[in-house]
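Here's the letter readout for the chains.
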Amino acid sequence: MKKSIIVILMILMLSLFFGWTDPLDSFGNVGHKVPEKTSEKTQGEKSAFHPSYYLKRAKTYVNNDELQLALFFLKIAAVLSPDDMEIVGKISDLKLTIDNKSKKYFKKGKKFYNQNKIKAARKQFLIALRYNPDHKDALTYLKNKLIPKEYVNYTFEKNDSLKLISDKFYKDPELVFLIVYFNNLKSDTKPKPGEILRIPILESDFNQSIDDRRQDMISAKNLLGKNRFQEVIVITQKILANDPSNKDAIKLKDDAFYQIGIQLRSQEKYFEAIDTFKKITPEYDGVNGAIQLTVQHVLLKGENLLKEKKYEESIDLAEKILSDDPSNAAAKKLISISFCQHGKDLLIQKKYDDALKVLDKADPADGCVEKIRLGVKNAIKQQAEAHYIQGVKYFLNEELQNAIKEWEKTLKLNPEHDKAKKNIQNARSLLEKLKKVK
Amino acid sequence: MPETASIRKTIFMGIFPLMLLLLAGCAINGWIFHNSHKALISDDFIIVKTTDQDTFSSLAAYYLKDPDKGWLIAEFNRMTTLIPGEELIIPLSPFNKGGLNAKGYQTVPVLVYHNFSKKKSDKTAVGQDDFEAQMKYLKQNGFHVVSIDHLLDFIDYKGQLPEKSIVITFDDAWRSIFDVALPILIKYNFPATFFIYTDFIGGGKAMTWKQIETLSKIGFDIQCQTRTHRNLAVPKKNESFKEYFKSIEMEIGYPKKLLKKRLNIDCKYLAYPYGETNNLVISLLKKYGYRAAFTIDRKSNPFFIDKYRIHRSVIYGSYDMDKFKNNLTVFQKNELK
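Protein chains in written order, with this note's numbering: chain A, 150 to 587; chain B, 87 to 423.
If we strip away everything but chain B, and leave its shape as in the complex, we get:
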């Protein structure tokens, strides 16, 4: 027994640390095998020779630890389909954070919907068939629907987004969103953000708190759109400046506290009612720790957009497919050389 203990001590105190050091040295710029294919691992990239078992998503899952990052591999290698035997480079960090190239820069459209109808579209509501056709168009034409968190990482120049990225949002918390739009979003596996104004919840045509909770539980993003949906940028008639200030402070602060209390949700983003804002509102948002806020200016967003004036395009019920497509600009031409 003493002899065995001595050997163990020799291994752990002397040889084991040496082996660890050797292995650590081999971790950089080394060759490995995966799925019977050869891969070269470096600090910045991995090169793999693909097999028929691989997909962009499976490679991303294995090497980037995120199956949703398949697009990063596809876009770096400027490929749309993976051919077995093809040699691919897997970048280990974003390779184009701002989406810049010699011809211009990436922009991300943010769509905003309000009310829905099971029947045909009308002026105030988007019809079920039209919404289905719009989502189908996004899916079939290679758009990546991304979350607002990812959009903000792009705007903060921290993360890269797929070239054809888009964000989907819903304002006001109409019950029809839950009944009509939600099943279609789930069908296409699209993430979305729901901006709610809390006084509306539980009203006649609004979602209930239970429905909001369900949305959150199944992974949708719930964010704030004030308490009463007042125009934050304009004082009401006969409202003193002090009253106006108290009012907008409450509009910004109250729903944040309420969402935390009722659903344990951190409200980080705000959609301005009527899309309107001003310096005072933005100062208050920053004071209350909001990360960004959204207008309804019909434009797409480059990474250098003002975070508290992010553009969104309202999709109305009266829009045909051509008008819908006009809101999907993912690149702004501007010769950058």
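Isolated chain A (complex conformation):
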């Protein structure tokens, strides 16, 4: 009895090991196994259980720049085909790409953040997070650092008292009760040096009454009529600090920024104008048109610089536009034409090395750039050939030293020129023989 039960249990164990109890034998698959050929034939590439289907989908997602989804599908393929080292490699490559991209955009975001360009910083952090949803630092910036805090942390110092701190922050020692309240202190206890206190930030002029606000609004409107826009901004910002949703104040502030933007544009301070327009609420009538028009002015200036052959300056302007609007086709075109034209000029001046250096900075996929690059290469080849023929002429005139110099010039331009190499060798050997004869 005992023996037979143990035997049965052993059989059961072995059957678990080798898949005897798996109900999926009808599909020809057990555990990690890839579906057999028969199932592949019937389901082909559409089969959800075939790795090639998922590899194909992963590739599509890579092409669409949806790298997280691509990674997801590669992982499915890896589960279906665990021994396929190529898939493992692809996963590792894609993870590296994702990591690099998210790091790159996070770095850009931090740069904008340090320049206090909050909107631009937010965009870069969002891109970083899109590539890597687990990018903790990007998330911290988006969720904490880019959101204004309602308090400041203050480290209590040796000679501090709560009243002094209250006076320092609120210009009123009587508001000490706020510090006591928000830090769970007793009014008669003194924090220890080094202790961090949380001090709520009170909006400036907190006690500003509604009547005062009305008076300020009237002043701001009058100042707007007198084109004293900076003063309008100071007053409206004061109102908005207490009453952030005050629509009249928002409108007045936007009016002032709009007028300043127009002034800056007329002074050809285009990028300052764009930055000013961006301070206006997006719903403000005409603000998008004003930004577009300013960008047009920048592009026009860039085209004029191009005509004056000031290529680096025109590229610089276009790149500034692209840093704000990466999809601006006109700016991309301006960069492309500038590189192309610059390369062409240097080609005409026979400054081939310089031409190639300029063209190397351009987008390699640009047709024009490639055409000029080919032109430069042909010109180099032709010049190498001219030196070669000149060398032959010297050789025939028995001017062996001059012939060698010409062929050396050929090799400098075209190191693969076999005939020049051979001829130099022959000429040198002849020179040696001649020396011996003499």
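Any given hint could turn out to be false.
[Unchecked claim] Below, simulated DSS-like cross-link-like pairs (lysine-lysine); rule was C-alpha separation at most 25 Å, straight line:
{"#": "1", "chain 1": "A", "residue 1": "Lys481", "chain 2": "B", "residue 2": "Lys419"}
{"#": "2", "chain 1": "B", "residue 1": "Lys419", "chain 2": "A", "residue 2": "Lys292"}
{"#": "3", "chain 1": "B", "residue 1": "Lys244", "chain 2": "A", "residue 2": "Lys294"}
{"#": "4", "chain 1": "B", "residue 1": "Lys419", "chain 2": "A", "residue 2": "Lys259"}
Note that these hints are calculated values from the structure, not bench results.
Since chain A is already given, all that's left is putting chain B on it; use the hints.
Relative to chain A, chain B alone:
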């Protein structure tokens, strides 16, 4: 008997743990059968070949243990209807928490209603027919009405929401909400949050505590909108700073205690009266353990919104359907590459 006991001991002490270990090993990356279809189970996903018995909801109920998560399967597979025989991937965790893609990011509108009328809409109240038409529009156009808890999980970057998510809220606890809006919400099976200011309850045109309790019992969310509906951001005329502070502390603390005492409800969210707030109010909300608070700024909400300044769009009685639709932005274009 001793022989049987010995066999039992052999099984439990020796072979049984081994079998458990084997089964545990098979739980990852294995094949299973469900509803006569084949499924591949992994740590991160399940792949199933669907049958005519399946729906997104039934698959979500079986594999994700939540029938309401059918949208997660539909959206991952970029499908709107399920075709039997189709091979689907069921992601086992959120696959896009912030709703980000190369073209922009998800935003969630939060609507706020106040008073209602059984007759036509007027300036102060939304008419019954208009509210019905608005809810019908949401249902027929694939909007998912979600709870504030789910919205906050999205904002906290913990959970994913359906692409077309929206939140419905009601302010002040007008009795007309109970009489007019509630039957329509129930008809469409939409969740909603009711922000109440406690001094109003039991007044002439307000709901009674009994009605609030009923709302809570049938699954609606009851939250706070202060005690007296004073503007929290602005001191009253001749009010000293200290008096102002005491007053707003009471406005924030009192309704929380009252709701807990009367209805055993944890008040986690606050709607600012008149939509207005300031740093001091936010500091107090945090001190009192509020998770988030709502303004009435007419914008939709991305996940990176300030939790204590969540936007809401007021729907007025004067709104026609086009104006209503203008408040349903679920995606903000912004090239993210």
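Hints and how they fare:
For a cut-off of 25 Å, the pair hint linking A:Lys481 to B:Lys419 stands: about 21 Å separates their Cα positions. For a cut-off of 25 Å, the pair hint linking B:Lys419 to A:Lys292 stands: about 20 Å separates their Cα positions. This hinted pair checks out: B:Lys244 and A:Lys294 have alpha carbons roughly 19 Å apart, not beyond 25 Å. Straight-line distance between C-alpha atoms of B:Lys419 and A:Lys259 comes to about 22 Å, which keeps the hinted pair within the 25 Å bound.
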